[in-house]
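Protein chains in written order, with this note's numbering: chain S, 2 to 113; chain V, 2 to 113.
Misleading hints may appear alongside valid ones.
[What the hints assert, rightly or not] To spell it out: a stretch of chain V is covered by chain S in this simulated footprint if at least three of its residues, at any positions, have a beta carbon under 8 Å from a beta carbon of chain S; those stretches are:
1. 60-72
2. 80-90
[Claimed, not checked] Quick list of simulated restraints, FRET-style, between CB atoms:
3. S:Ser26 x V:Leu14: 47 to 57 Å
4. V:Asp74 x S:Lys22: 23 to 33 Å
5. S:Thr88 x V:Asp96: 16 to 26 Å
6. V:Lys72 x S:Pro75: 47 to 57 Å
7. S:Lys25 x V:Lys72: 18 to 28 Å
8. S:Leu80 x V:Asp51: 19 to 29 Å
9. V:Pro75 x S:Ala61: 26 to 36 Å
10. S:Lys25 x V:Asp48: 23 to 33 Å
11. V:Lys22 x S:Lys22: 42 to 52 Å
Hints in this document: simulated from the structure, not taken from any laboratory. By construction, the Cβ of each residue, glycine as well, lies at the ideal position given by its N, Cα and C atoms.
2 protein chains.
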Amino acid sequence: MFLDTQKRPPRTLRYVEKAFKEVKSRKNVRDVVILNDRGNPVKSTMDQDDAVQLAGLFQAIRGRLERGMSKIDPTDELLMLRVRTKTNEVILVPDSKITVLVVQNAHDNFEK
Amino acid sequence: MFLDTQKRPPRTLRYVEKAFKEVKSRKNVRDVVILNDRGNPVKSTMDQDDAVQLAGLFQAIRGRLERGMSKIDPTDELLMLRVRTKTNEVILVPDSKITVLVVQNAHDNFEK
Numbered sequence: 002m003f004l005d006t007q008k009r010p011p012r013t014l015r016y017v018e019k020a021f022k023e024v025k026s027r028k029n030v031r032d033v034v035i036l037n038d039r040g041n042p043v044k045s046t047m048d049q050d051d052a053v054q055l056a057g058l059f060q061a062i063r064g065r066l067e068r069g070m071s072k073i074d075p076t077d078e079l080l081m082l083r084v085r086t087k088t089n090e091v092i093l094v095p096d097s098k099i100t101v102l103v104v105q106n107a108h109d110n111f112e113k
Numbered sequence: 002m003f004l005d006t007q008k009r010p011p012r013t014l015r016y017v018e019k020a021f022k023e024v025k026s027r028k029n030v031r032d033v034v035i036l037n038d039r040g041n042p043v044k045s046t047m048d049q050d051d052a053v054q055l056a057g058l059f060q061a062i063r064g065r066l067e068r069g070m071s072k073i074d075p076t077d078e079l080l081m082l083r084v085r086t087k088t089n090e091v092i093l094v095p096d097s098k099i100t101v102l103v104v105q106n107a108h109d110n111f112e113k
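Bound conformation, chain S alone (with noise of 0.2 Å):
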């Protein structure tokens, strides 16, 4: 009401990075990407352009999963999309306020 940032908690920042740190230590992981509540990259080890381009397309596939999900149980709430390739296996994970999409490497030695 009186300042825009009770809109966006500063909390929101603090919660982005606790989240980027936590998910780009663990092992494997080759790329993290933080998207806002609009699907937005907001923080990421990606450039904006790859970045931007991946987000896009999981956005996409998670609206057309949870539009689909809906019609078969109006109740139930994805948690957890994996798409594994050859290459890599890409997980997206939504939260309350943001998505966090990672990246891993599909073989433990790939670039190792």
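Use these hints to put chain V onto chain S, whose structure you have.
Here is chain V on its own, set in the frame of chain S:
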């Protein structure tokens, strides 16, 4: 050329039966839907309407994903798609001949 069955070799049916049986026997597997190369359910534990609805949704997501992936890395290939929700986990595994959709219980003790 001489027989219609040459287009769709008899092995396909045995392959479907084998995959169906193998996947169905696994722990926590609730439902199995086998799709042919056109994305239509050919064998399923679900009733036909539910199988078609689930197959339609997951084929749509897969299509969107593969189109998006080909822009990011044309040499990459989808091996597995997993969707974890509050109540279950749906796994899509493409194969050269068929696509296997598996619905697993989210909780080990969900129906036990």
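Consistency of the hints with the structure:
{"no.": "1", "hint": "60-72", "verdict": "holds (count 7)"}
{"no.": "2", "hint": "80-90", "verdict": "holds (count 10)"}
{"no.": "3", "hint": "S:Ser26 x V:Leu14: 47 to 57 Å", "verdict": "holds, 49 Å"}
{"no.": "4", "hint": "V:Asp74 x S:Lys22: 23 to 33 Å", "verdict": "holds, 27 Å"}
{"no.": "5", "hint": "S:Thr88 x V:Asp96: 16 to 26 Å", "verdict": "holds, 19 Å"}
{"no.": "6", "hint": "V:Lys72 x S:Pro75: 47 to 57 Å", "verdict": "violated, 33 Å"}
{"no.": "7", "hint": "S:Lys25 x V:Lys72: 18 to 28 Å", "verdict": "holds, 25 Å"}
{"no.": "8", "hint": "S:Leu80 x V:Asp51: 19 to 29 Å", "verdict": "holds, 21 Å"}
{"no.": "9", "hint": "V:Pro75 x S:Ala61: 26 to 36 Å", "verdict": "violated, 19 Å"}
{"no.": "10", "hint": "S:Lys25 x V:Asp48: 23 to 33 Å", "verdict": "violated, 45 Å"}
{"no.": "11", "hint": "V:Lys22 x S:Lys22: 42 to 52 Å", "verdict": "holds, 46 Å"}
Checked against the numbered hints given earlier, this structure breaks hints 6, 9 and 10; the rest are met.
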